[in-house]
Structures are given as C-alpha cells and as structure tokens.
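**Student:** Working from the sequences, and respecting the hints, build out all of it.
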Amino acid sequence: MSSEQTNLKPKLKLAVYWGSACGGCCVSVLDTHEKLLDIVAAADPVFWPIALDIKYKDVEAMPDQSIDLTLFNGAVRNSENQHIAQLLRKKTKILVAYGSCAYMGGIPGLANFSGKSEVFERAYVETESTKNPERIFPVTEYPVEEGTLKLPKFFNDVLPLNKVVDVDYYIPGCPPQSERLIEVFTAIVSGAQLPPKGSVVGANDKTNCDECKRTKSENKTIDRFYRPWEIQDDKETCFLEQGVICMGPATRGGCGVRCVEGNSPCRGCYGPPPGATDPGAKMMSAIGTMINADNPEEIDKIIESIVDPAGLFYRFSLPGSILGRKVQ
Amino acid sequence: MDFRPKIVAFLCNWCAYTGADLAGTSRIHYAPNIRIIRIMCSGRIEPTFILKAFQQGADGVLVCGCHPGDCHYQEGNYKCLRRFKLLQKFTRQMGIEKDRLRLEWISASEGKQFAELVNDMTKTLLSMGPSKVKSSLEVEHLNV
Amino acid sequence: MSVRVHPELRNQLMQFGIGDWNACYHCGTCTAMCPLSEEGFLFPRKKIRLMQMGLKNEIESSVEPWLCYYCGDCTSTCPRDANPGELMMSLRRYLTSIYDWTGLSKKFYTSEVWEIGSILLIAVLVVIAFLIGLPAMGYSFTTELTSQGGVKINSFAPIHIIEAFDWAMAIVVGGLLISNILRMYYKIIWKHGHTKVTFWVHVREFWRLVFNFSVQPKFGKCDDKRYWFSHWFLMSGYTIMFIVVVVFLPWFQTEKILPPWHLQRALGYYATFGLLFGLLVAITGRMRRKDVKFYFSHVSDWLFLVMLTLTVITGILIHIFRIYGMPYATYIFYIIHMAVLVPMILIEVPFSKWSHLAYRPFAVYFQHLKTHAVPRKTKINSIN
Amino acid sequence: MEEPRIGVYVCWCGTNISKMVDVEAVTNEVKALPNVTIAKNYKYMCSDPGQDLIIKDIKLHNLNRVVVAACSPRIHELTFRTACEKAGINPYLFEMANVREQDSWVHTDRTEATNKAIDLVVAAIRRVRYHEPLQKRFVNVNPATLIIGGGISGLTAALEIANAGKQVYLVEKSDQLGGQVKKFDLTFPHLSSAQQMIRPIVQRVDNHPNISVFLETEIREVTGYIGNFKTAISVNGGDPVELEFGNIIAAVGLKPFNPEVISEYNYKEFPDVITSFEFEEKLLAGRILTVYGKEPRNVAIIHCVGSRNKKYHEYCSRVCCMAALKYVHQVRAALPSANIFEIYADMRAYGKGHEEFYALTTHRQIMFLMYDQQKKLPVINQADRSDNCNMIIEMDELLSGQSIEVPVDMVILMVNMEAQENVKQVVRAIGVSLCGNQFFIEKHPKLDPVATTTGGVYIIGTCQGPKDIPDSVAQARAAAARILGAIAQGSVPIEVTTASVNELLCCGCQTCIGVCPYKAISYDENNKVSIVNEILCKGCGTCGSACPAGAIISKHFTDLQILSEIEGVMSMS
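Protein chains in written order, with my numbering: chain A, 1 to 328; chain B, 329 to 472; chain C, 473 to 856; chain D, 857 to 1429.
To be clear, the hints were calculated from the coordinates, so they are not data collected in a lab. Just so you know, even glycine gets a beta-carbon here, dropped at the ideal spot from N, CA and C. Zero decoy hints are in this set.
Simulated coverage check for chain A against chain B, where a stretch passes if three residues somewhere in it have a Cβ under 8 angstroms from a Cβ of chain B:
#1 275 to 289
#2 301 to 310
#3 316 to 325
Covered by chain A, according to a simulated footprint, are these stretches of chain D (three or more residues, beta-carbon under 8 angstroms):
#4 1365 to 1371
#5 1393 to 1406
**Tutor:** Below, the structure is given as structure tokens:
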C-alpha cells in the first residue's frame, strides 16, 4: 500500500497484547520484516508491551472503542490477563484472538491436564532448582511496610480468549504466519468486506494435505504408530502412511505446511477446519479408523504405540476443546 | 434430590436399536436413565458425539453396535471398536472413569441383554456418583 | 466304568413280546404319569432306554419291572405310541426267564410249541396216571354212593396218594421258585453294583414281603382301583384254595356232604367266586381290548387264563357232580381238573406268568433292601 | 435456510403410551420451545385421522418441519414421511421420537417415563431444525444377470431367469456344473436319486441359448452398482472377457467340515472313520466296504460333527440329521443284518416329511444313542482282538446316564456344512458381509432373506447358511423373481441418505477411500478431492466419521444434527 493512500485515511490505532504467551506471536508481528513499515504507516501502535512503554492506566484512560484493532495473543491464565482482555475489549473495535493460545489455549493450555495446586506444587516446591521447605506459595496480597503488594490471581484453568470476552476474529498459528497477518491487516486497512464475526481468518478452509507435496494414497492402514524419531522418514510419502501421526489432514492450511516441508509432521497449531466441533476428535476418529486390527487385544497393542493421545491430538487446543480440561 | 444418572446411548439402527425396540415389545422393564440416539451404523459414531454428551452432563455414555461379524454394513462395528479404543485411552487421560464409557454389542434379538445392560450401567453409575466433566468446566475466575 | 452295548439283545427281547423299539423318544411322560415310579426307582422310561441300548446287565439287575402293575396310564398317555406298559410287561417275561436257571422258562416264553407241548405232555401223563397208574397200583374206584348220596371220590383219587403228590409238586415248584428268587436276589443286590445288605435289614424289612404279598398295596396305588380289587379277590381265592388243597387236602377232599355254611364249603365258595370274578374281569378285558392293560396279549397270558378258568370250572363241576352223586362225571372231570391243574402249577408257577406271585412281593422286599445296600469291599490290586 | 416452523405431535397409542407417559405434560413442555409452531397430542397418530391432522396443520400453519413422538421409527417413520410428502413438504424434514418401545413399554415410573419422553421429543425438535430436504433417486437396470456358482441353487436361478428371456452369465469355479448335489447318491426324505435330479438340470443349463457358462472361472473384481455392474473374467487364462450386468446372484455353496481337528474321532487315524461326503462316494460306487474289503457288521453314524459345539461351530447344519437317517436306509438295504448305531446329539426333523422319515427310520432296527455335545464327545478307539470288531466307541449315553462301549467296524461322521473357503475375494468384489460363521449376511433375516445390503446383489443356497435342496431351490427362484421384477421395472430406487463430499473442505488425504465397505468413494486426481458415488453408497456414515477434515457429510446424520440431538436429550436436566 502506498503512503499516499494512508495519508488520505485517518491512521488506524493498533494494540498488541500478550496474555499467557511465549512472545512468539509478538515476534511474528516483527517478522513481517520490511512490511512492518507498511503496518506502522497504516496504523499507530497505541499499546504493545513488548515494544512500547505504555502502562495499563494509559489504556484505561483511552476512550472506549478508540482502538481499531487489537491483536490479543496468549491464553488467559490469571486475573491480569483477564483484566486486560476485558479492558481491551472495551477499548477496541475489532478484537482478534491472535495465535493458537488466544484461539484455543495453545501450549500453555496443556496445563489444563492438571490444576492450580499441582502447578504451584511443581513450580514452587518440586522443581529441581527450588528449595522451599516452608512451602511458600505466591499470594495475591502481601502486606509490607510500604503498603500492600498485589499479584494477579493465578487461575485454576487456562482459558482461550473467547471464554473471557467476545472475540471478533481468530488468527490461528503458533505463531501465525506473518504473511497471513499482513493479508488480514491489509484487508482491514483497505476497508474490504470483512467475513462474519467469529470467523477464523488468515487460514484456509481446506486442511494442510491440500498443500502438502508428499505423495498420498488410500493406503492408510497402520499396524504400528511411530513417534517421529522412531522412524527413518522417506521424505516423500505421507507421514500417516508411514505410521507417523501427522495432524495435517485435520488442521487448517495457511502455514504453508512448513513443518512437513521441514520433514516434521504437522502438530496442529492452526487448529481444526471449519465444521469441526472439537479440535482433536476428528483426528482421533480418523486415526482410530486406520488401525489395522479387528480384535480388541490387537487394537490395544497398536494403540499402545500412541503414547499420549491427549497431548498429541490437543497439543494446541485443550482449553478450547469440548472437554476443556482434565476432569477434577 | 437423589442422584439420577443420565446415560446417553448411541445405538446402531440394525442391531442395537432394534434390540432396544425388542426389549420394548417384550415389555422387559429397565432403568429409565437412558436416552437413546439412533444412528445407522456404529461406524458413524464419532468421538465428538461422545465427548459432547459428557460435556452436556451425561453421567455415562453407552455405544452399542452389532456383534462382530454381524454388521449390516460389513464392518462398521470394527471401525467403531477401533475408534472407541483410542477414544477410551484419551478419556482415561482426561480423568473420565472407565465405567462411564462403554461399548457393547447388542444384536436385534437381544432385548433382554440390552435391558440388563442398561440396568447394570445405571447401577454402576449410581455407585460412582455424578460425572464431574460438566462441573470441571465451570471455571471459577470470572469477576475476580 | 463303561458297559458294552448288546445290539442282539433287542432281538431276544422281541421274542418276549416287545414291539416297536425306537418309538420311544424319551420325553419322560410315562415316568411322570406313573403313580408307582419313585425316586431311585424310576420307570418306565429308564428301563426302555436300557432295552433300546441292549444293556443286558443293567436290565437283569432291575427291580423296577416288578414294581409296575400295568395300569396302562403310561401307554395311553405316550405321545409316540411306544407302549411303555407292554414294554414293562415284556421285561417281566424276560426277567422271569433270566431268573430261571433251568432255561425252561425261556423255552416256554419264546416257543409256543414248547409251552403247549409241555402242558399237553404233563396233561397226558396225568391222564395216564389216573387211567393206568392208579389201577396198576391196585386202586379201583367205586360207583357206589355214600350214605348222603355223594360220590365216593376218595375211591377214585385215594387221598393219601393225591396228598403225597400235592406235597411233592409243592416241594418241586417251591424249590424251583426259591432257587429262582435267590438268583433274583443275587442279580439285583449282589452282582450288580457290588453291594450287600446287613442281616438285620433283611429281618427288619421282611414285613414288606408279607404285606405286599397279601395286600398288594402298590397295585392299589394305581389310579383304577377296580383292578386292584379284582386281582386281590382272585389272588386271595387262589391262595386259600392253594393252602386248602396242599395243606388240608384230607379235610377238603372229603366224601361227606357238609352243610353249605360249613367253613370248608364257605372257603371253597369264596375262593371259587374270587377266582371266577378275577378271571371274568381279565378274560372279558382281554377280549374287549378296551383297557390298555388288556390290549396286548402274549400267548402266555391267554394260556394262563384259559388253564385257570378250566381248573376252576372243572373244580366246580367236580363239586356239583359229587354232591349230586354222579360218579362217572365226577371222575372224568377230576381227571380233566388234574390234567389242567398239574401242568398249570408245574409250568406257570415256576417258569411262566404265575411266577409273579413270588417275584412281585420279593421285588418290593428287594427294593427296600437295595435302598439300605452298602458297597461291598472288593479287592483292590494296588500297583505297589 | 428458512426459519424452521415445527409441528410436534405426541401419540397416545391408545393407552400404550398414555398409560405411562403424561402426553399432555409432554405437549405442554415442548409447546414454548424455539421454532415450535404447534404441539398437539392425539390418540392414534398413525391412523388416517392422525395423519390428516399433520397434513392439515402443515398447510394451515405453514409448517416446514414435523416431529412425531410415538412408536419406533422402525415401524412408522415411513408412514409419517409419506404424510409429510402428501402435505407437500420433503419427507426428510421429519423426525420421530421413540416414546413407546424405548419408553412407555420399558419403564414403570410415570414421572421418569414422562421426563424421558420430554427429553426425547426435545432432542427430536432440536435435530429436525437442521434437517435438509433429500431427493429420491433411481437408476436403470441392465437386464443381464451374473450368477456365481453352478450348484443346484445357481443352476435353478439361471434357468428361471433365462427362461424369462433374459441373459445369464453363470460362472463356476470348478470344471463342472452340479455342485454338491452331483456328489450325492440319494436324497432325503423320499430316497429319490440325486443324479436323476441334477443331470437334466445341468443339461438344460448347458444347452440354454440365454445362459453363458464359464467353467474354471473366478470373479476377481466387480465394479459398478445396482443395475450397472461390470466385471472382467478370463476363461482358461485367455483374454479377459468384459461382462456387463444389472444384478448379481452369489451361490458359492458350502464346504464340508474337516473332522481332523476333533481328536476324539481319530479321523485319518482310522481309515474306516469316514465323513458323510466320503460315504456318499461309497454309495455312488455301489458297495459299502471297510478298508479291509469286508462288509461292516457294525456301522455307527455320528451326528453333529463340528456342529452345535462352541469349540467348532455353534450353529446347526440342518441337513445332517436327515442325511444320517437316509444312510440308515441305505446301509440297512445293503447290509440287512448289520447293527446300525445312530449316535446323535439331538434329532432335528423340522421339514416337510422329515418327522415321518424319522419315524419310518426308527423301524429299521437301529440303535439310537444320545451324547452331550457340550460335556463329552464320543471317543473312537481301536478295538482289542477279543472285542470281535474293528473299533470301539466310548461314550456317555445321555438318556440312560450310562457310560457305554459301542462295537463298530465303520463310522460315518455327519460333518458340518461350513462356509466356503476363500470367498473373501468374491465377498469383497460384490460387497456383501460375512457373519461370524463366514456365511453371507442377508438384508433382513426374516423379511428379506435373499437380498443383501448391497443393491442388486442376492445370495442363495448354502453360502447364506446351511440348508437342504428344497430351501436352496426356493431361494434361487425367489432371487430370480426379485431380479426379473427389477428388470421388468427397468429402474430401481437407490439409497437417499448417502454420504457426500464437500469439495471446498476436502484436502484429498484419501483416508475415506479405504474405509468404505462398498467402494463408493474414489479420488478425483484433477480436483484433488474424494468423491462419493452416491449410487453405491449405502449411507452407513463411517466415512463421515473417518474424515479428519470434516469434509464428508452423512446426509440425514450430519454432525450438526446428531450434536443437536445430544444437546436436546441433555437440555432439560
């Protein structure tokens, strides 16, 4: 887009925030490289903790609906994440759950296999580098001479953004591909007709196999599953046909099949295709179908080679799945 | 109120559903805790359906198909079995007790067996208490 | 321990009157119907099975055929027309032949020539004895009448000779019967199943023998009580007559014409009526073939009935002719009477149908002994 | 999609439902639910006035969805669909809630039963909202028929169809026609000659202008669908011949059970222990002799060899009892003085003239000995010299409770009728299912015994299950009639609730292709998507569950419909 155009229009106000995130999503925005200049030309970042020193109180001071676009990355893990999510919702016209964590819970979402107490126990007592015989755990309020120190409350569950606030769009990926971000951004800036609220944008409707260059056939019966390091990949045949679980067929395209191009099976960060109610269940169903055995014992034996189905099929999506978390 | 377990059952049209109908025509009484959903073949049953039932508050989920070898669609029940086995591994990981999710073969002539199965499962669920899937999903955080 | 089947046994049994072998399909209706079949002694089905399979030893050691009184309920309710009642009857014939060590019984049962021939032979011998034997021994009869106008019967049939002959016949027949009963005991209690019964049990249970002989309570358990009555009437008449003739012959075969109310005549009339009534029921029954128990008649059944009837009728005639002073008629019918009676006693009692008078009560006795039987110690050859 | 306007009708079924379910309460409970335009209850919904009620309401209230809570949909779904159609709405915009067979008839607590009925009706309402109209479809029928198997049933069917003037392709694996019947001497219960029966039939088939016979030929692959099948066969290794036909009859027959696995019988160990099929050979040859060339004095016939025994086959072969009795007559005729032992587990004389035949046979001087299949099989041992016979059978005789020894010189084993071996290929080719005993599965065991779930494919004779000649012939003629009916019609209706691929979502992973039992899915190389041949598809939906991309729609059983139903049954708790 030319600078001339942007001059004609008022510049958009852009916010980027990280909740429970690794920072990769913020970096993906920077990974637009020279295109970042175009972004900055079209939009003013008004809040971006990784890049700008703007305090929460500054945001609170902004008028409602004054931010045009917020890319919220990271899951909601604690009361701080929740507070900012709600705050940004109030201040923002288009709130985008950016990246797998905000979309479905992401890698932090794996903490939903346990609960707060187990997380604390591990983090503050059990970790090999910790010595905490008094079992001191973080508390939300701690009185000191100067006053009361406050910490955000750590939630029991990791939540995707849409369980806390209303979300307009989702851009999946861990992190989202920078090219996809630019496409979406361009569309918003150009004022094009936007898809219905709640849509996943910056990703394809078809799943990854559509773009995958590996040879595929109908021969998808599996006698034993292999973890990627257990097998010499021939680099040509469909991973599934070699017995390696690749989430490709149940994962939206849009990433450019980068993992498979790098000879690693897809792990599903782009999430399920449209129509799938649950991110892992369709793949589980498909994989179950491929098991090449009829009697229960043989089936069990083959399933033994899928060591951790929950972690495998819901690597990026447990909090956003039907069950959401391990039963407590 | 005392606990009344609710079982969502997926029955294939040709064997299990017909078997359940037979229990009716034979007036074999069984526990009223089951809610039957008819599908054409157990091979159509997806993990999604079962997870959905648990999410909606089912205390137990029962899947019934034709006996091995008797599938109306040749081998849909084997496919069901394979998917079920994998799903079972997953649901166990997710902390859903094994007895809450059952796969049984019921033929069109096994009305009595079906009734016994429902009674048995109801009894088991009564002793286990309500499923915690739904309550686990009720998160505590909002409005902190 | 497994036992060998004897397919040929079926052909043997066939000669004793058994009809359709395989008609029975073992529904057990007969056993359920039978008022006499009881736990531990079930029949007829079980016995039919043994017959069908040719299990010789098991049949020969059976007491059950004798516990059946042939009411016919089994046969009339049999869905297969297998005729269990007659099969039990046939088994009794077979068992009679098995208990008999002389082998004559089998001959009589399986060969009409032998049976009728023997009867005729003995009859002829009796006639010869009267016509040639007695005169040769120096006896001669008189046509003179007694002071009362009766026939002097003892001049024709000298009382001591007839009595001696009666006793001799009773001893022979009794000996044969006793030896056969011992064989029956051996087969039922001792041989099969290797059991024994204590002496005390023998004594304690003995009353059953007497009771069953005199009252036939088992027959009374059958649904139709009329047959029990007619049979008991016949049997009591026969027994009285037998005792009177063998033990009290001088008192009975008297030349005096006693008043009708005299005990001797009263007993005689009772016995005669008993016999006649029983015979009438049996003969008309067998002729009408309406009741199941009379539907099937073996040669031996008819022979027995005819001979007994003849004996009774000739006995009555002797009585009448004697009282009315008709010596020739009396003597002729006396010969006929003896010519029928002697073969009947000699052949029917130890070897044929009439033997049941002994086997039946003994069977009940043995049945109860059997329930108290204990295993006999057998020598065990240990390998060491 | 237009806004659903749902009519809900709760049936009393006289007192069948109303006695245990408070139909009024159910009606009231669902009345106010979203999209429910009208909710009523009526004494007999399936009656003409009941149906008229629906039809009138559809027109009056402009309904576009109908829910009936009544008996099992397996009974009246079609009735109400037809009523909907009459009223001008698509029959598939209808859903039924089973509140009789699966509710009022099986529960005893009225409150619980009523709650359950409400759940089921709500589920049906939720589901029907997402129903979509589906259209009936037909395909044309090729008048030729392929018959696989040249035994009595295949031959009969061939003649029946050919006599009606239609082309038949008869394919036989072996080098001659006639099947098992050709190997038999006499038939039961009339003891008439099997040879005199089968030979003219074979001759007529051989000479029939409308029948093409292919001997020593096997079917490897069949493509197409009802009305339009295709196969390529190669005769004697020659060039493949392409055949096109509209219907298929499988008549691949049976295989005698091999009794070697039953150690008690020492088959193969003792040469005079032979199978019934081997005994037929002796009968056809005309003499019954032991391997020592002597006439056997004792002949035992053992029933249920490999039948009615969980260790081998649980099912009954149906014909062996009568065949065994037939042998009694044949042995008795040949060997008047021989001892014949019928060693049986149960005597089954179910057919016309069979009981009479059994009764007749019992007069043939034979000994019936019964054994208990489950407890102990008879054991055939070598006899000692002193036994005066060839072998001894030791057995526990059931009716007498005795353990017995039976002297024998020849033993005939009445072997079970097993399913034909190596039929996987045929099964795969024509798309039929095998039951646990490897017999072909019929479409409905009572109401449709010769059809299969694959349209245009029929199964007759012993490949469907053990049966005698009259039953095989009856099936053959039944299948022929079905096929001639379809040919006369010219076209046949096909399954409506099929699967279809949403090409916008299909990623071309091809997981679905191997999953389909009917080979209805193929891969479109050009568009790189899977496509469903909806003529072949039977609508089982397993591909829908296998598709990882959620691109396959199982019509009338979509994810959305089923998930809505799940939400429905759980919504009131």
